[in-house]
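There are 2 protein chains.
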Amino acid sequence: MNPPITRGACAALDAADPLAPLREQFDLPSGLIYLDGNSLGALPRATAGRVQDVIRREWGQDLIQSWNTAGWIDHPQRVGDKIARLIGAAPGEVIATDSTSVNLYKVLSVALASVQAADARRRVIVSERDNFPTDLYIAESLARQHGFTLRLVEAGEIPAQLTGASGNELAVLLLTHVHYRTGRMHPMADLTAAAHAAGALVVWDLAHSAGAVPVELHRCEADFAVGCGYKYLNGGPGAPAFLWAHPRHLAGAVWQPLSGWMGHAAPFEFTPGYQPATGVRAFLCGTPSPVALAALECGVDTVLAAQALGGMAAVRAKSLAMTDLFTALVAQRCAGHGLSVQTPTDAAWRGSQVSLYREEGAYAIVQALIARGVVGDYRAPGILRFGFTPLYLRFIDVWEAVEHLVQVLASGEWRDARFHQRATVT
Amino acid sequence: MNPPITRGACAALDAADPLAPLREQFDLPSGLIYLDGNSLGALPRATAGRVQDVIRREWGQDLIQSWNTAGWIDHPQRVGDKIARLIGAAPGEVIATDSTSVNLYKVLSVALASVQAADARRRVIVSERDNFPTDLYIAESLARQHGFTLRLVEAGEIPAQLTGASGNELAVLLLTHVHYRTGRMHPMADLTAAAHAAGALVVWDLAHSAGAVPVELHRCEADFAVGCGYKYLNGGPGAPAFLWAHPRHLAGAVWQPLSGWMGHAAPFEFTPGYQPATGVRAFLCGTPSPVALAALECGVDTVLAAQALGGMAAVRAKSLAMTDLFTALVAQRCAGHGLSVQTPTDAAWRGSQVSLYREEGAYAIVQALIARGVVGDYRAPGILRFGFTPLYLRFIDVWEAVEHLVQVLASGEWRDARFHQRATVT
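Just so you know, the sequences run in chain order A and B. Oh and the first sequence: position 237 is 237 in this note's numbering, straight run, nothing missing. Oh and the second sequence: position 183 is 183 in this note's numbering, straight run, nothing missing.
Quick caveat, the hints were computed from the structure, so don't treat them as lab data. It should be emphasised that the depicted structure is a prediction, and the values quoted were computed from it without experimental measurement. Hints are not guaranteed to be accurate.
Unchecked claim - Listing some non-contacts, in silico: residues in chain B with all C-beta distances to chain A over 12 Å: (1) G88; (2) E221; (3) R394.
To be verified - Cβ-Cβ distance ranges computed for the label pairs, FRET-style: (4) A265/A with H196/B: 29 to 39 Å; (5) P29/A with V153/B: 57 to 67 Å; (6) P344/B with E24/A: 51 to 61 Å.
A virtual CB, placed ideally from N, CA and C, is assigned to each residue, including glycine.
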């Protein structure tokens, strides 16, 4: 057993933290320890003012001409270019628009069509059985429409799907890089290489990766990616999502099914026949929201601000230090309370969260913690999920969170009936 | 020739206008005459404050719990119920989400599948050749994917498509109720009845109707509708769009292709298989944006405020009075300048805009008017488009707009080179 970790030791970590100044970028509620940035990122200080300017000046005063004068028309690409810097992509390859689900529909459609054009016998989409459900639902829809089979397997069974007879029928491997429930991270480079060796393409969902862990889409030779704007990118609730396509998939005309006018080569010529724009702009569909994109840009800027302080490598180092600290504190202080750690202890397999499992009362314990000002969330079955956002969390927050967890468990206060009432959204 | 209409006569119309108080709901730039509310509605006074509250309090302070406490999760339906009151629909039938293009993809998919289930020989989608292009592009995509033919005809040729051999192969009639370029309005009840008599379904795009003209979806027995939040609903640039389905199309399980998690029967049970929610909620896909929905709600509220002053009938009466006035003033004062009116003179066929055509210089004349503070827009080829929003326009605005048009034409100032420079967005 290691010597007990003290609050003073955590304060010392904060004093030495090169990313500590980044916390000032956020408007955090006083007294709250927010461990749910993997569900909804915190509010950047810049956002409210920037959104006001878009509403009052760009919309209210300049009205329709802001499409030109304020650059609204290029906003999806401009924000996309900023996101590209966080995920190992190049300018012109990322676009911010629509939702993750809608974007997945687009890129998975294109990926399936691309594989089909080369080998019509490849009719299987493989994904993880407990991948985030919206990804599975979208894949199910495309499979049903176009005669593919969606095959759901356990994480450990994925490699076997990429070789032999299974590999020969594989069209697309669809995975979320960091698992929403357990925080387990897939080896992107290895799985991408193995899928390519099998003759298939890979679509990565970066919902729990972008802004949280280093992502190297080009280095991994990935094919397509989608991701979320409202988690670690701090873009606000329901923020536009993003999508990326490797340039080799953007070389020809991209016929994605949601062929709305903003993805047309010349939308303001109002011609009746669809001609896709060149490059990633072909993945646009309807009219973008400059208000939502302005908020997203403020959020992305909070992550880009880390560039001067060590970049995503520094973010990753602090993230691992925090999740290690949390896990060590839980081991030292919560022993005997029936908690087990679901997130891999090996840093190479871990995202920026720690998920604990408890057979009884997990939901109520999360509610009791929230009542004390420690906000994590519950994910069925039995998971207490804690996200660690290095941009605005301190090591003393981790210590305090575990202190509250100890008290909730030791006191049994979670058994109170009010903590068992289910909310609509968990 | 009628006697000249004077500015004083227009001022008298304003003095007698029952809707005049509604103008106070908007933050309009001083000195600007805004005749482009059919492209981007003006900013309601309530919007900036409401959005600030969503950002600073609901997001910033209450964070993730606002999905429950602020009712974010039900916002698409709550705003949809308000829109329903403007389009002759009932509560629970309308949902505000995504873009018009994305929503059209959903409802057109369901409409095509529904017709196919009854009669697989129906393989034709009929639309208007110069329908708003994004509608045609989405229809083209679905036709290409599922083996339908998209047949584009002139407006006058539509009735012939609904009878005889053409009627027998018709699956869906897809029309925009009020034409974006000419302002011509289709007879919704008649065309819907004729399409039904032929055995087909009808999808209506209400982009230039909702909030501008009375729409009676139930009375017309329409099947599906989509519409835009940022035009006459004043929801702000890129606002969420809406969709409606007649209850007879919501009775069973609705399998729309964009089957994201928010359309699932139980999204927070995180089950791997898709089961559509009951009712119109099955048309949700990804996570909605409470920020964007709050702005849209403020816009919809500006239209609902007319209810106490005569409702959409009063809005329609003022709209027709304004477009009549504009047309009469152009006839009286711009004769000999090569302008022709493209919008139907018969009120029954007219939306809330007037489109003028000029063979030469239409784009530059629009730019010269904008430089004078009269904002209309240009639509190729040769169209000067002027939208009249009864909620915030006065009859003297109409008079002043034509006065400026007379001066631009008489002076020839539109020939100045700066008015011929093309912007990215026209």
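The hints, checked one at a time:
Non-interface call for G88/B relative to chain A: holds, since the shortest CB-CB distance, roughly 24 Å, exceeds 12 Å. The Cβ of E221/B lies farther than 12 Å from every Cβ of chain A, with a closest approach of about 28 Å, so its non-interface assignment holds. Remark: the non-interface label on R394/B is consistent with the geometry, its nearest Cβ contact in chain A lying 17 Å away (cut-off 12 Å). Between A265/A and H196/B, the C-beta spacing of about 37 Å keeps the proposed range 29 to 39 Å intact.
About 59 Å separates the C-beta atoms of P29/A and V153/B, a value consistent with the hinted range of 57 to 67 Å. At about 60 Å, the CB distance of P344/B to E24/A agrees with the hint of 51 to 61 Å.
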